[in-house]
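Number of protein chains: 2
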Amino acid sequence: MAAPSSSTCDGAMARSFRERVPPLLTDLYQFTMAYAYWRAGRHQEPAVFELFFRDNPFGGGFSLFAGLDDCLLFLRSFRFTDEDVEFLCSVLPATTDPAFFQFLRGLDCSGVTLRSVPEGTVVFARVPLMEVAGPLAVVQLLETSLLCLVNYASLVCSNAARFRLAAGPQRKLLELGLRRAQGPDGGLTASRYTHIGGFDLTSNVQAGFLFGIPVAGTMAHSYVTSFNSLEEVWPRTLAAADGDLDPVDFISLTKGWLSRVCEIVGAEPAKIREGELAAFLSYAIAYPNNFLPVIDSYSVGCSGLLNFCAVALALCELGHRPVGVRLDSGDLCRQSVSVRGVFRLCSQHFSVPDFNSLIIVGTNNISEQSMIELNGKENEIDVVGVGTHLVTCTKQPSLGCVYKLVEVRGKPRMKISEDPEKSTVPGRKAVYRLLDAEGHPFLDLVCLAVEPPPEPGVPLSCYPMGAQTSSVSVTPAQVRSLYLEAFTTGQVSHPLSSAAETRAKVQTSLQTLHPRHKRLQDPESYTVALSERLQNLVSELRRGSSNNSNFLLSN
Amino acid sequence: MAAPSSSTCDGAMARSFRERVPPLLTDLYQFTMAYAYWRAGRHQEPAVFELFFRDNPFGGGFSLFAGLDDCLLFLRSFRFTDEDVEFLCSVLPATTDPAFFQFLRGLDCSGVTLRSVPEGTVVFARVPLMEVAGPLAVVQLLETSLLCLVNYASLVCSNAARFRLAAGPQRKLLELGLRRAQGPDGGLTASRYTHIGGFDLTSNVQAGFLFGIPVAGTMAHSYVTSFNSLEEVWPRTLAAADGDLDPVDFISLTKGWLSRVCEIVGAEPAKIREGELAAFLSYAIAYPNNFLPVIDSYSVGCSGLLNFCAVALALCELGHRPVGVRLDSGDLCRQSVSVRGVFRLCSQHFSVPDFNSLIIVGTNNISEQSMIELNGKENEIDVVGVGTHLVTCTKQPSLGCVYKLVEVRGKPRMKISEDPEKSTVPGRKAVYRLLDAEGHPFLDLVCLAVEPPPEPGVPLSCYPMGAQTSSVSVTPAQVRSLYLEAFTTGQVSHPLSSAAETRAKVQTSLQTLHPRHKRLQDPESYTVALSERLQNLVSELRRGSSNNSNFLLSN
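Residue numbers (my numbering), protein chains in the order written: chain A, 896 to 1450; chain B, 896 to 1450.
Hints were generated in silico from the structure; no laboratory data involved.
Fair warning: this is a prediction, and the values are worked out from it, not measured in the lab.
Take these hints with a grain of salt, some might be off.
Identical copies go unnamed one by one, so any copy, or any two together, can satisfy a pair.
The calculated DMTMM-like cross-link candidates involving lysine to aspartate or glutamate, where the alpha carbons are at most 20 angstroms apart (straight line), are [claimed, not checked]:
no., residue 1, residue 2
1, Lys1400, Asp1095
2, Lys1317, Asp1249
3, Lys1166, Glu940
4, Lys1400, Glu1380
5, Lys1067, Asp1277
6, Lys1306, Asp1223
7, Lys1290, Asp1003
8, Lys1317, Glu1419
9, Lys1413, Asp950
10, Lys1150, Asp1331
11, Lys1067, Asp1314
12, Lys1272, Glu940
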C-alpha cells in the first residue's frame, strides 16, 4: 500500500541539523590549515573554492546534482559550541595560540557566499557545481562537510535516475534500501535522494515522515511463516464492504473459492500450505482493501498464488478490493507472466473484473543490469522494489567530488599538476548551458565571471575540456545561466524545495537532455568547454609558472 | 599529527540516539504486519528472531561482528512519540483500528531479551549472531533497524580488518573516508568501525570527539596552492625550541639550507616553487613540532622534497622536530624509497639524526589490492591513509544480514524454501566455538538451546552446514560459548565498551584464528555445523511439512 503525506521537511530537518552535521564533522587538517592561515594573518583574505567531479558516474553521460539544500542548512547552522572548541583544544598541538580558539568561538558563515547550480539539475564532469566564496580560513573549514553532503546525495540520485531510465516511465519504482545502507542516516539520505532521482515510493517510514515521500510495503516472509494452521486466524469473520449484512465466515468462504481455483488451474490441493493461507486470511481480515501478500514463501505455483486468488476472490465477493501480490525470488518475468495468466483466467471464469487491475510487485536483488534485462523481456511487473544495488551504488560506490581553490585576494589560483587531469581551472566563473534549435543542451561553457554571457544566435569559439583539440566554434539557439546565488550574509537566498519539487525538476532537466547523452551504455560524451578568455588565463598562468618560479634567482 | 582523546562515547551517543534511530526508521511493512498480528490477538505471543548473514564478505574466510552496542541503545530508547504515532495514523489504511495506535503509544522493549555474540568477535556465515526474543509484534518491528545497525558496521569493520592484515602489523593505518561516505552519519559510522577493525587514526574530528579515536592530518594541496610568494609568509621569524635566544629570520635560515640541499642532491634551484616554500615556511612557523606537509602539489623531486628538507633542517637547527611528509599521487613505493634516500643523505651529510626518524605518509586511492601490492614491494611508507575503498567497501558494498523467525509460542518455525540456501534453521539455539589443541577455533557448533554444551576431549558428531556430506565426528580441546545476554527487561546487561576496548577484542579474536582461515585470498572455509539434535529437528520439520500440509483434506 502507498500513502502520500504532507512534507515536514524544512522544520524537522533544521531542528536536528546542527546535531547531524556539526562543524567538527570534518578532517583535522582543515583546522591545522585554518590555524596556519590565522597565524600568518591570512584567515580573512577573500578566497574562492569550487566543487566539482572529474568523471560522470557509472560510465554514464551525465550526473544529477543533489545535496545543495543540506549544504545550505549546514552553512546556516555552522557555529562552534564551547564543547567543540574544548575538544579542538585537546587535539591541536599544545603550542596553538589560545587566541585562535577565541577566533573559532566567534566564527560563522555570515561572510560566506555560495553560488550554485540548482538542486536536481543534470550536470556534467568538470563543470563547477558550487562556488564557495568567503574568508580563507572559513571556506577552507567547510570543505569536508560540503563534499560529504554533495557526494553521496548526487551519486545515489544519479543512480536512481539511471534505474528510472532503465525501468521506463510507466513502471513504479519502490526503494527498499534502509537495511543495506551505511547506517541510519545513510538509509535516510538514500530514501530522500532516490525519490528525487525518480523513485516513486520508499519502504522507509522515517523518510515519509521527514520528507513527505509516499511509503509502501505490506508483508515479509516471517509473517507468512509465523502461521501454522487455520486455527490461528482470528477474527474469523469479515463484513461486506457496504456493511449492510452481518459478517460472514471468511474462512469457509475462502475455502470454497480455493477449491474452485484449484479446479480451474488444475492444481493439487494437497500441496497447498495451510500456514500460508492462514497468514493471508489474517492479513486480509485486518486490511481487506490493502491485501498484497508475498506469495513465494513456499511455492508460487503450488501454494502462494492459489491461496492469494482464493482470499482475493472472497474479498471481491464481499465488495472489497484486493491490491495484488509480491514476488521475491526466482525468475520474476516468467513468474509474473504466469501469475497474470491466472489472474485473467479467474477474472473471466468467475466474472471478477477487479482481477484485471491487480498489481504485481517484483523484488529480488535488482541491479541496473537486471532492470534493463527485465525491461527487455515479456513481463507483467507493475512495481519494482530495489534495495542493495540502489543505495550502495554497487557499480560505483563513490562520486569523487573535489573542492579546489580558484582565487585568493582577487588573484586566480591554479594547481598545475604533473598529472594534467589533476590541474585545476583558475578564477571565478560563470557557467552557461548552450541549447540547440530543438531545445537540447549541447555544450556547457565555463567562462570567467566578468565575461559577458554568450548570446543566442551569435557564434563563439571555445576550448573543449579534456580534449586535445584546439578551439571549436558553436552557435547556441538559446543560452541558460546555470548558477543561482544560494547563500549570502548568513542567509539562505531562496526557500528550500521539498523532495517532490526537486524530483519534478530532475525529470524536467532530464527530459531536455538528448537521448544520445542519456543512454545508459556508451553514451555520447557531452562537451564542456572553456571560454577563450578563460583558456587564455590558463595558458598565461602555465607560462608564468614555468618562467617565474625561481625564487632563488628572483629574490 | 595525532592526538589521543578521552572517550565521551557513552554519554554523547545516548543523548542523540533516539533522534538518530527513531522507531519510525524502519520499513512500513513492519507496521502493517504488527497491526495484522495485533488484530489477530497474536501480538503478545512469545517469538524469537535470529540475525545472521549467508556468506562471508569480500570472498574472505571470516567476518567481524559489530554494531551490537548501537542495537542496545536502540532497544533502550525504543518508544513512539505522539508525533510518530500521528504520522503512522496518516500512513496506515484508514480502516486501522484506533486502539492499535493506543497500543503503539505504550510500546517499549521491556519484554525483549537479546542474546548475542559479543561486539568485535570473529564470526562466520550462517552462525546466528543475535537472538531477539519477545512479544511477536515488538520483535517484528525491530527488524529493519537492527539490520541497518549491524549490516554496515560489521561490513566496514571486516573491511578494515582485511586492510590491517594486508598492511601487516607495523604500518599505521589512517582512515580518511568522511567525504566519500554515505552522508554525515555514514562517515561517522565508518570512522568508528574501521578503528575497531584495526585502523589506528582517523581524519574525522567528530569521530575523535564522540568515540575517542586518535585524529590525524595536517595539510591539503589547497593550502600549498594558496601561497604564491615568500612575501606572504608571516611571522617571518621563529624562536629556538629552548627559547633562550631571540627569534631568528626563519626565511633566510631556510634559504641557506635550501641551497645546501640542492647542492648535495644535485637539484636545479630554478625548478623550485616559491609558493610551495612559502606554504611550508608558514606552516612550520605555526607548528614547528608538527611539520608534515604534502610534498607533491607540484613535483616531489624538483620542488616539494627539497623545500621540505630545507624547512625541516632549519627547524632542526633551532631544536624543533619536524614530523615527516605526505605523498598523495603517483607510485608511492618508488617515491617513498627516493624520499627516504634523501632523508638519509641529509642526516649523514648534515649530521642531523632527527632526519632518520621522519615518517612518510602515503595516500592515493588505496584499495585492498594496492595495499597487498604495496606490502610486497620495497617501500618506506610508515602510515597509509585510506578513504574511498575503505568506507564504501568497493569490493562488496553490503553484507546482506537477514533476520529470520525461528520460534513462536515455544514452537520452532522454519522457512522451507524451494531454494535450499534460503531455508532457515528452526528453534532457539546456543552456539559453541570448538578449539583445537593449539587454541585455534576449527568449528562453530549450532545446537538447540536446551542441549548440554559439548565437553572438551569428548568426541561429538555434527552436520556441517552448506555441505552435502553427512555427519562428521570431532573432538574439541576447548569449548567456548559464543552468546552473552546483552539486553533484558528494558536494560542493557553489561556496560557498553569504548571503541578502544572493542578494537582490542577484535585483535585478540583475530589472533586465535588460524592463518588458513584468515588469508585474504582463497581462504580455507571454516566449518559451521548443526548438532545432531538440531539436524534431527530440521529433518523432522521437513518431513512434517511434506506430509501434513494439506488442510483441504485434513480439515
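Hints, one by one, checked against the model:
Proximity of Lys1400 and Asp1095 under a CA criterion of 20 angstroms is satisfied intra-copy only: 14 angstroms inside one chain copy versus 44 angstroms between copies. Taking the shortest alpha-carbon separations for Lys1317 and Asp1249, neither the intra-copy value of 61 angstroms nor the inter-copy value of 34 angstroms comes in at or below 20 angstroms. Taking identical chains as interchangeable, the C-alpha atoms of Lys1166 and Glu940 are never at most 20 angstroms apart, the minima being 78 angstroms within one chain and 28 angstroms between chains. With identical chains, the CA atoms of Lys1400 and Glu1380 are at most 20 angstroms apart within one copy only, with a shortest distance of 18 angstroms there and 51 angstroms across copies.
Only within a single protomer do Lys1067 and Asp1277 lie at most 20 angstroms apart by alpha-carbon distance; the minimum there is 6 angstroms, versus 52 angstroms between protomers. Taking the shortest alpha-carbon separations for Lys1306 and Asp1223, neither the intra-copy value of 59 angstroms nor the inter-copy value of 26 angstroms comes in at or below 20 angstroms. For the homomeric pair Lys1290 and Asp1003, neither the shortest alpha-carbon distance inside one copy (38 angstroms) nor that between copies (40 angstroms) is at most 20 angstroms. For a Cα distance limit of 20 angstroms, the shortest separation of Lys1317 from Glu1419 qualifies neither inside one copy, at 23 angstroms, nor across copies, at 42 angstroms.
In this assembly of identical chains, the alpha carbons of Lys1413 and Asp950 lie at most 20 angstroms apart only when taken from the same copy (15 angstroms versus 36 angstroms across copies). Taking the closest pair of Cα atoms, Lys1150 and Asp1331 never come within 20 angstroms of each other, the shortest separation being 65 angstroms inside a single copy and 57 angstroms across copies. In this assembly of identical chains, Lys1067 and Asp1314 lie within 20 angstroms of each other by CA distance neither inside one copy nor across copies; the values are 45 angstroms within and 28 angstroms between. In this assembly of identical chains, the alpha carbons of Lys1272 and Glu940 never lie at most 20 angstroms apart, being 60 angstroms within a copy and 44 angstroms across copies at closest.
Hint compliance for this structure: hints 2, 3, 6, 7, 8, 10, 11 and 12 are not met, and every other hint is.
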